[in-house]
Structure formats: structure tokens, C-alpha cells
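Asks: What follows is each chain in one-letter form.
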Amino acid sequence: MSEKPVILFDKVNKWFGDFHVLRDIDLKVAKGERIVICGPSGSGKSTMIRCINRLEEHQQGTIVVDGVELTDDLKHIDHIRSEVGMVFQSFNLFPHMTVLNNLVIGQHLVRRLPKMEAEEIAMTYLERVKITDQAGKYPGQLSGGQQQRVAIARSLCMNPKIMLFDEVTSALDPEMVKEVLDVMIDLAREGMTMLVVTHEMGFARTVADRVIFMDEGQIIEENTPDAFFDNPASERAQIFIGQVLHHL
Amino acid sequence: MENLLSFWRKGSVRSLTYQWGLVVVIICGMFWVYDIATTNMARLGLKTGFDFLTDEAGFPISPALIDYSPRSTYIEAMIVTLLNTIFLSLIAIILATILGFFIAMFKLSPNLLLRKFGNGYVEVFRNIPLLLQLFFWYFAALKMLPMKRSSISFFDVAFLNIEGFFIPLPVLEGGAEFVAWALLIATLISAIIWAWAKHRQKNTGQPFPSLILGAGLIILLPLLVAWALDFPVTWEVPKFGRFNFKGGTALEPEFTAMVFGLTLYNAAFVGEIIRAGIQSVDKGQKEAAGSIGFTNMQTYSQVIVPQAMRFIIPPVTNQYLSLAKSTALAGAIGYADFFWAMDGAIAPQTGQVMELQAITLAGYLGISLFIAMLMAIYNHMTRIPER
Amino acid sequence: MEPILAPFKMPQPAPYQSKGLLGWLRANFFSSWFNSLITLLLVYIIFNLANFLIHWAFINAVWFGDSAKSCPNSNGACWAFVTDRWHLFVYGLYPNELYWRVNIVYVLAALTIISFLYSYGRWTKYFRITMVIIFPITAYIFLVGDTFDLKYVAPEEFGGLLLTLVIASIAILGSIPLGLILALGRTSELKVISKVCTYFIEFWRGVPHIVIIVMFVALLPIFIPDGAGIDVVVRAFIAFAAFNSAYMAEVFRGGLQSIPIGQFEASRAIGMSYWKMMGYIILPQAIRNSIPALMNTCIMIFKETTIVMLIGFSDLLGIIQLSLESSDWVGPPHIFSSAYVFAALIYFSFTFGMSKYSLRLENRSNVDY
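Residue numbers (our numbering), protein chains in the order written: chain G, 1 to 248; chain B, 1001 to 1387; chain W, 2001 to 2369.
So here's chain G without its partners, still in its complex pose (with noise of 0.2 Å):
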């Protein structure tokens, strides 16, 4: 790497009481990076992308973000998570705002900008994603597809450096799963830093620099989308792989 990593993981382990959930977790990510990170359920993959932004903290080890270590006693989270966009598998819009104050509500109150401005640059992320007929609607009366889209306009508008995705796709109905992917897709070729956990392996080919397969609580494999999906080295990953291919 020629400049510092935007995202460094070292020697990370964390435990959910006696369960050892992450095993000495080494990664680093460049900014601009696009990540995928596929693997059977249960294998730590959302639990660490959310030790990134502190929704869960970790026993052992060392996580640095964008120049600040995140640890114990840190003052300045809410800061830090501005800095780190989320987007979570079930939405979690906020269901008594319209679509247009789910928007404004953050960058009102957190970063302190006046109601006018924030719903400018609401508006102009509503247009990116493609959804601004509804932006007068309560989350309640869009689709699946359409809600995601939103939440993911959400967290684009506190302007964040590095955006993570939980398996944004898999609670949706399949017809609505191409809407959300290709606004992905067109984040990513903005440069945006992307942690996506996903199994839309289409997706992974189409952005990712790199694939991380996990397993276990460990990373198993790390290498390019198509080589990895095209060739996996590991037996696990060629478990996983015919598994998933399988489903098809």
C-alpha cells in the first residue's frame, strides 16, 4: 500500500461471552477500495464490518479508521460515525419521518447544517438514487426496493468516507434486488471506500477489487472476484462456492 490504509484491522479478536466470534482479524483497506465479503452465515462477517463503526466493540487487538483508533473510552463516536455510513439488511428508515426528513434529520442535528440547505442536498441524493416522487411519503408506503434505496441516500447525505452494507439485498424480493445493486454500482465507480457483505456474486464481479471469504470467525481467502470465484484455493471456499452455485 503507497498511502496509509483507510481501514486497519490488526490481530482483531472478539468473543460474544465463551464464543469466539473474530479470530485474529488482519485486514487493511486503501481508500477508493472495493470490498466484497461472502461466507456461510455465522461466520463474523457482519459483526465485523460493525466493529468498524462501533456497534460492536472488540476484546483484542487493534482498529484504526481514518487516522483514530477506536477504543474504550472514545470521546468522540458520534463523530466517527458520521464519518461511516451504514446500510443495514432491514432498512431501519425511521418510520415517523417522511422519506425527505429521514434525509434531513441527520445532517440537521449532526452536522449542524440549516433545514434549507440539508434539504437541498437531500433532494440531490433522492435524484441519485432515483426516488424523488416520494420524497413527501412515510416510509410505510414504499417497497422494499424503495426503502433501501432511501436508507442508502440516507447515509450518503452526512458524506461519509467509507460506507458499509450488510446484506443490504437479502431481505428484498428478487425483482427489486437489481434497483438497489445498480445504485451500488454507481457509487462505487464515484470511488467510493465500499465494504459490501453480500452474496450477490454477480455484484462482486462487477466492482470488487478484491473478495474476502470468511469462515469461522477467520478470513480464509482473499483475492480477486474472478479468481476467486472462477478458482477458489481454499476447500472451504470451494464448499461454499458449489453451495452457493447450487442455488442458482
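Honestly, the hints are just simulated from the structure, not real lab data. Warning: the hint list may mix true and false statements.
Within a straight-line C-alpha distance of at most 16 Å, the following computed EDC-like cross-link-like pairs (lysine to aspartate or glutamate) qualify [to be verified]:
(1) G/K28 with G/E3
(2) B/K1202 with G/E120
(3) W/K2009 with G/E83
(4) B/K1286 with G/E56
(5) G/K4 with G/D24
Once you've looked at the hints, dock chains B and W against the given chain G.
Replies: For chains B and W alone, coordinates are given in the frame of chain G:
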């Protein structure tokens, strides 16, 4: 015959028959009951009619929030006790909600001891009958207070003893209106500051500590004015004379026992409701709020509490209703509430049970319907549109 | 590109501070300085409270005696009051020589409860059904008498715990079927029936229960041809069953509304009539879903039996209060508080037991489907 059967088989014919049948049965039933009632009442020699309402009541009522003497009419007696009931309910509702809020916070706290304490409180106060709790406060706890001469004193201005809680009463002298004006002006200014700060935040995004400023102003400005005018508002402090306190006013032990009992009992239920409501909000909401950088305070005020209210308001309104109805037990410990007046005082004197029952029912039904209406309005105003 | 492979690592045990006793202590008690402060404060309070309670309830308590003079000190509980008058609390005003009849009923009640608490293999179902059928009938025969050579005991002479349990049982058993019918009526598609049931239910729920009981006791003679002949206590029983049926109706309505509409549609699609559908498909599920709220209502009914005190009946609380004011025992307030603590313990054991049983039912039925 064929036609008749197929006519009957039509669903609409059957359902109409059942429904009209029920209406006919009810109306006949009402006539039949009316007939029996009138014959029985004639047989028992009971008077009917509402003329008795303007007769003299002949019994004292304490406490009385409006002027009342034993020479007042029955109607006035009813109104005074109804006011007592409403006043007691309101105070108990407010206190129970505040305490319930704290109990809910205890149960949600990261501290295990605090959680256990909250759980224990809820289990104990929910499982013991309300009447038993009221008896405990009135016959046991409050009766253990000292006699008047050895009252427990609070900074020598308030005195707690077996006959009540004697507190000072404000006395307004010459310049008192200015203090009142100062209070009003301070409140107005605070409101203006708050509105201006909101507007400013909307336009520039900068927050402003309008809450603290406003609170400070409301407390300090009247104080300043009072100091400048040499404190025209004094307190009439109860002073113990030969046998009794002179000056000030007293909260009777009956009232105190009711407030204690109702508050502690209902706080257990309200606390449970609040805790359940907050925990019903999807966990992902907290995470989403966190992921855009909300502080804990912002997460709760902007995201969690608005959604929790939806789960909290219906059951808590039910609880308030139940509280208002349970004030009817006040007669058992001597507090003059509406039911005591109707059933314990007026009924034995006039014997006109039918009319009194009707008025009692109407009174309590009125309170219930009013609360239910408020809830329906709130529900309608805060509904989230769905597909 | 060449794949980057990592050797597989076995799981390691968690570090000392984050798990085990120390980790648990840190998380729950000392996670922040404020938390630690509260822990210390609470420990201090709890210690003092426990100290006081042990002294009051055991060390300084007076266990036996026959009048208020036996308990001069207010630093100890006056259990003498309980040991002296316990038979009044348990049997009420039931004639002394006929206590054996009440005892039989108590034993049968305990058996019925035990039959529901545990599983006995194949015979459990028969055991429970037998007890549920035998118990009410036998209880009535033995308590009231007037058949089989048993002397008649008027319900007016019931009192204390006996009366409390009788009122609660009759209220529960009476309000459940009524409540079910009302719930079916309220959710009916026939508008008139639905409205009538709704007004009926909301009426009972909008008025204080004591008002309703007084209403029944005072007005039943007027509205029923031979109303005056009905025992006052029985009128109270009827009142209890009547207004509690409104609460049961709401419980069952909640249960009915929790059934997915697909169940109704599937039943109709097969061709079932309304009553067949209700009886075989909907009600079994709805009743099962209603059980937690049902138990809650039962607990509420049990606690509410105390209000009969206001019309002069001697339920458990009533007879305790009467004894407290009797010439033998009337005295300083600490005697009152001892008696109330005793009463609270009795009520608490019943209601707490019921809520624990309800939790158990809930957990068991969750596993099923």
C-alpha cells in the same frame, strides 16, 4: 314450501332476522323489566323523582374545594365530591406517571441492582390489592406519625404529624402583582427565545440552549423583582399555639394516604407499560440512529421516544382510567369522594337508590368517555400512514 | 492475482476481563463511575433494609399472645395477632364444629391445583378433567350443605380466605363463558349484535366495580320478581361475574383478533359453517393465545375481591380489619402494620404464584408452534 325454505337459506334473510330478533328481544325485555320494577317499587313504597336534589344535605364534607356547608343542597354536595374525585385523580395520575417513568428507567438501566430493584418494586406493588395498600398507609403508616406537639418539622415551615401535613400558604401583599407580572413576562420571553432559537437552528443548523436559558429566566426574574421590592410575597407559616396550628393550611391524612396509595400502586403499572413500550421499538432503529452519528440523547428524543409513545399511550390511558375509577375506594378510609357522597352519605338519608345509582353511573361513565375520547383524538393525530 | 490464504485458527478462550465472574461484575455493576456510585448506594440501602426486616420480622417479633397488650413494642412484628385469630382469617364465620367440611374443600382445591401444575404421563388429562368436574360440585355440597344430612350454612357466614377464594372462583368461572359469548358477539359481522355487545362491554368497563356491586345488591330486589329472596352475598357473586365478563370479553377478543385471517378463509373455503369453524378451528387457537391475558385478568379479579369490604362483607382483608378493631386487639398502629404485612404476604403468594404459572403456560405454548 320450496320457496319458503330457499328464502330462509338466503344469508341476508337469516342475518336480518337474527338482528331484528335481538332488537325485539331487547325492547321487550326492557318493558318487562320496567314493569317489574315499577310494581316492586310501589310494593316497597319507594319514592321516585329527582326533587330531592335541592334538599338540604345536612352533612359536612372535607376537603371542599368550593364553598360548602351542611346547609348546601345535595346537588352542591355531589359537585364538591365530584371535584374532589377529579382533583385526587389528576394529582395521582401526574405523580404516578413521574414515578413510573423512573421505575422504567431503573428497569432499563445497565446496573443489575437497579434493574432488580425496579423489578422488585413492580412485583410487590402490582400484586398486593390496592385497598390493602390504602389501609396500610392510612391505618398503619400515617398513624405512626407523632402528635401535634412533637411534629416532624421541615425547616420549621412545614410540619408533619398524625393529623396531617401542615404547610405554609402564600400571602400576597402590596407589591405582589409585580412579581406575578415578572413571572408572566419571564415566561413570555422564554417562549419567544425558544421560538427564535428553533427558527435560527432551522436556518443555520446551530443549536441554542434555549431550554436552560428559559428555565433560568423563569426562576430568576421574579426572584429579582421580589428582592427589589423587598419581598411582597410572604408565607403564612403554621405556628403552633396552645393546642393547634394557626395559619397556613393542612393536607389531611385521608388525602395523603390516598395519594400515596394510588401513586405507588399505579406507578408499578405505568412503569411496566413505559418499559415495554420503549423495548418494543425495533433494535435496528437505535443502530440506524447511531450509524448517522446521533448522540444518545438525540437517538432517544428523535427516534425512540416518538415511536415508543405509540405503544405506550393506549395501555397507559387504560391505566389512568382504572386509577380514576379506583378513587371510589376512598370512602373506606374517610376521604370524601363522589361515590362516598352518593352511596355512603346521600343514599341512607333519602333512600332513593334508583335515581342515585343513575347519577353515579352517569358521573363515572362521563369521566371514562371523556378520557376515551381524548385517547381517540391522540391516536388519530399521531397515526403513521401505511400503504 | 495469487490468492492470499490464511491458516485456520482454532477458537481461543475469551480473555479474563470480558467473561466469567469479573466480566459479569464489570458489565452489570461497574460499567461507569456513575454506575459504581449507584451500586454502592444501593448495597448500603439493601443491607440496612435487610437488617431492619430481620430484626422486625423475627428477632424482636412477638409470636404468641391473646390481646394487644401482648405487643407493647413497636420495633417487632406482632405475629401474636395472626396466631391468635388465624382461624377467623381462614374460615371466616363458619361454625366451628363444621370446619372439617371446609378442610375437605381446601384439600380438594389443593389437589386440583396440583393436577394442573405437574405432568403425570398418560393419566394427566383424565386427572385434570376429573378434578375440574368434581371440585366445584363437591365444594358446593360441602360448603353450603343442605343435602346428604349436611347442615345448611348460609353463604353469609363464609368469611376470610374462604370467602375470598369463593368469590374469586365464582367470578372467574362465571365470567369466562359469558365473556366468550360477548367476544363472539362483538366481533360478529352482524352490525346490530356487534354494536349491542360493544356498548354492553364498554358500559361495564367504564364504571367503578364497587358501584356495580352496590347497584346489584341494592337494585336486584327491584328488578327481579323475587329479588329480595336472593342472599346478599349471592347478589355480589352475580355482580362479580357480570362485570368481569366484560374484561374476559376483551381478552378473548384480543385472542380472536390474533388469528390470521387466512384461518377463517381456509375454513370457509372447505365449506364449514360459522359455528363449525369457530368450534374446531378458530376458538381452540384463540383461547390458547388468550391465556396470558386471561391469567392477568384472573389475578386482577383475585385482588379485587377486597372491595366487598365496602359493603360490609368479611373477606380476608375485611375480617382482618374487623379483628384489628375488636376490643381485644385494638391498639397502636404497629399491630395494624403487622396484620397488613401478613395479609399482603397471603395475597402476594396467590397472585405471584398465578403470574409465575401464567409465564410457564406462555413458554410452553410458544414451543408448540
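Asks: It remains to establish, for every hint, whether it holds in the given structure.
Replies: Each hint, compared with the structure:
1. G/K28 with G/E3: holds, 11 Å
2. B/K1202 with G/E120: holds, 13 Å
3. W/K2009 with G/E83: violated, 33 Å
4. B/K1286 with G/E56: Distance of about 13 Å is within 16 Å: holds.
5. G/K4 with G/D24: Judged against 16 Å, a Cα distance of about 21 Å means the pair is violated.
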